[in-house]
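Work out the full structure: start from the sequences and follow the hints.
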Amino acid sequence: MSAKPRHALGVLAAFTAVALAATACGDSSEPAGKDAKNITLTIAANSIVGGKNSAGAEWIEKWVIPRFVEAQKAKGVTAKVTFVPSGVDDEQYKTKIALDLRSKGGADVIALDGIWVGEFVQAGYLKPLSDVAGGEVDSWEGWSQIPETVQGLGSFEGKRYGIPLGTDGRVLYYNKKLFAQAGLPAEWQPTSWQEILDAGAKLKTLPGVTPIQINAGTAMGEATTMQGALPLLAGAGGEIYADGKWAGATQPVKDMLDFYAKVYGGGLGDPKLQQEAKGRDKSFAEFAAGKIGILAEGDYFWRSVVNPTSGIAKMADRDTTVGYALIPAKQPGAGIRGQDFVSMSGGGVRVLNPHSKFPSQAWELLSFMHSAEGVKAELAGEKRITARTDVNKEVLAGDPMLSFITEKVLPVTAYRPPLAVYPQVSVALQEATAAAASGTSADQAAAAYQKKVEGIVGGPGNVTS
Amino acid sequence: MKGRRRATGAAPDAAGLGRARATGFLVPGMVLILLFLVVPAAWTIYLGVTNYRLTGLAAANPEVVGLDNYTRALTDERFRSSLVLTLQFVLGSAVIGQAGLGFAIAYALRDRRGPLRRLVEGFVLLSWILPSSVVAFLWIALLDRDGGTLNALLGIPGTAWLLDHPMLSIIVFNTWRGTAFSMMLYAAALENVPRSHLETARLAGAGTWQQLRDVVFPRIRGHVLTNLLLISLWTFNDFAPFLITAGGPEQRSEILPVYVYKVALSGGELGFGAAISFVMLLINLVIALVYLRMLGRRKETA
Amino acid sequence: MSTATRTAPARTDRPAPGTAPVAVRHVLSRIGRYVFLCAVLGFFALPLLWLATAPFDETPTITASLPRFTLDNFRALLDNPYALSSLLNSVYLAAGTAVLVVTFAALAAYALSRVRVPGRDALLYGLLLLSSIVTGTATMVPLFELAFRLNLIDSRLGVILILSGGLLPAAIFILKDFMDATPTSYEESARVFGASPLQIMRHIVVPVVRPGLATVGVWAVANVWGNFLVPFLLLRGPEKAPAAVIMYTLYTEGGQADLRLLSTFSLLYSLPVALMFVFVSSRYGFRFHGGIKR
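Residue numbers (the working numbering), protein chains in the order written: chain A, 42 to 506; chain L, 57 to 358; chain U, 53 to 346.
Bear in mind the hints are in silico, worked out from the structure with no lab data behind them. For every residue, glycine included, the Cβ atom is placed at its ideal position computed from N, Cα and C. Among the clues, some could well be false.
Cβ-Cβ distance ranges computed for the label pairs, FRET-style [stated by the list, open to error]:
1) 374/A / 144/L: 45 to 55 Å
2) 130/A / 262/U: 35 to 45 Å
3) 206/U / 118/L: 20 to 30 Å
4) 130/A / 140/U: 16 to 26 Å
Here it is as structure tokens:
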């Protein structure tokens, strides 16, 4: 290289540096790249066309991206937006995203499970939305449409990190035909655990029928905790994490495990099914085939499993055969917050990457995806509980079950603590239910559980008993 | 090899490589190994003395906790039972299963050349070469409680192989999976046993077992030990059983590689997981030393 | 090499009084052998049945049963935008790694076999042990960080390099064993005739250890073909993803395994390695050990 071009380059470099410094010094509160005319953005989600959550992946590729690019073009900005699909197990997806964020890379808009938000924030992978994208975040119209509790899915320690995708609730499903055969009412709403056990005893008389399916053991993973252990715990008046301490062998925990012992020890459940690797899938198929009387599951079961048109274990007569009831507390008034009925909820969120090169445009994209029309387009005609009440009012009007969830279940529901050790505590809970389901006494199982939790959370000082 | 040198292959510098060129031949491989094996391995060993996690507070501020992870591992009941299960796994599927079955097949096929040999070898090698995820699915389909092919064939529907006999299931699975390596190795070794010796023994009235004991084994003992070393190490670190039983039910088939996966990926405790990996390496070292000792002793009596 | 073997078959034809029980024992042992081999064949073929029947079944279940024959599953697989390209990606990764591993391992094994490098055995065993750490799960953060620092994230070359690093020690171990077993007389004579070391390697050593090279190549391909974790963590986007990763995405909307796609993809996923093995073993032979008979 001859001296002249190098000299010129050097001058240019210096000039650029000064110019950049000037703009940087000018408005440090403005997100970087705000006025860029050429932007690239990436969206990441655990879905893939032709596989898991294919409809969601298609919505991103065919609706969100073209429209957003159009809208940006109208403002004179050339936008290149790509979607990075995954479609694998949740744990593997979580690992991949954590590694990306750790190395300050990754997509600009990332879909996460709500329960991961806390641990990602603690690890320094996420920053509050307003820190990343500026003041316009707090003035978004969508916040007024999302209830406080649901906003909690994307918040941690009082700050907002993402926008929730939607939420769900857990109920007790029952087979009305089997109920009729066993002499139980078609409109069934138990008010105590004993009533569930009594119904189970009556169903036991029917040949080839498993009376109650309440998830237990480690094979079903988080499905055991969410559909079994935690709702029962809430029904006994206990929370898994409160006031900075985790629940050990408390009375509610023992009550919950005792219920498991009564169901599986009393021949009201199928203990082998809980151990199978595909046990949850099998429980779906068995319920659809009329072999299970009562099943504790989330609204996902209604929408995507026994759905007569598109379910994976279709029931053509779902609307007439499948009944649903609130999960009762142990006794009326014995639930958390003094409730008669309880439930558990979860949901996904979408967050912004704090190292995004175009944070304010990323926020535009994010808020666009969560706008009323965006959320409706994402549903693609399916009925689901979204985060926005305006969309819910429109979409769920004709669906009694989902309206039931929004009106009756969500007000009494609880959420899991979004802390890094929660997955391990969850596993300890699953193991406790497995012990109770295979004959260990509730007290023994609870004691073993407490020992494990003490090891996980760093000592008995963080555990209540 | 330590101790006595073999007759061939140890002549110093037969091809006139010279130190410089020999180093040159070694460099590309060693660079790759240094960069992509030694560095990450050393780093992982370092992680073993921290409380590093992938998420949570310990991700942002990992602390060096010295040997805490190691004491925790050695006193953890789950680690100890996992170790016992792993040793059972190695003994059952590698030492007895793969080596035993591999030798039996190689011996049964030893003089045949025809289609039978090709057929048997073909299927045995096919089971070794197929990817793990496919093979795992095939075995789940075979052993399923309600719809499995095995239960259908034997006429005993409802037998939960994977739930009631998880260790047996994964031992048989791993034997099926890995016999090919032993079989090929023994087949080559048996070719080196002079037929005249076997014939003499047979003429002298020795039965099959005596022939094996007095003629065959002494000749191939070195190969047996090398083979056992390799397959023991490979089986000890084999992750494939996770795809079949996921360590279940209730950790009854949770061998060490599965345990590390659960700790590191599901639990996110990378520091603790790294410590366990290092302990596994030390155990592998002990196993290797035991085998080498036996190999060395063998060479002295040769 | 005695003539005793030639006369052995004739012996059983001659009925002599004292040899009758021995002849019976022979017949029994022969029958026993065949029974054993048939049992072995059944044991190894049984699990493979599902792979042969399910992809062609309209409604495949977990049981291997006679299929209601259809080729629709293959058509459904073609609808998946990533299925076929992932197989090509797998070929690329596997071939790249195999070439790298075989070449570097052959060179290193030759040097270690022929030249007395101090501490080579301890080094080799040490590396073999370390390779077990690097193929485990606990090492994923160091590997990711390393790849990130070297700018190898989202690059198939990065995957190839990392996988090669993990496979090299065992490959060198196996090849060195091969080379130790081949006598050096040829190389010595060639040296006398003035051949350079590289020429010796190319024209004398390689042809002799070809079965070993082929074996290590096949073994490397099989390992890379089935590896999920490294390509999953290092590669972005399904366009570069190999079949091992895409296999995990073959679920229905709800996250349940789609047996039609899974079985069909499993078959297509298995065919290339099986064919490669058949090709290699018929051309080069396939042995893990041994060279020229001593």
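To see whether the hints hold, each was checked on the structure:
1. 374/A / 144/L: 45 to 55 Å: Holds - the Cβ-Cβ distance for residue 374/A and residue 144/L, about 52 Å, lies within 45 to 55 Å.
2. 130/A / 262/U: 35 to 45 Å: For residue 262/U against residue 130/A, whose Cβ atoms are near 42 Å apart, the range 35 to 45 Å holds.
3. 206/U / 118/L: 20 to 30 Å: 26 Å, holds
4. 130/A / 140/U: 16 to 26 Å: 25 Å, holds
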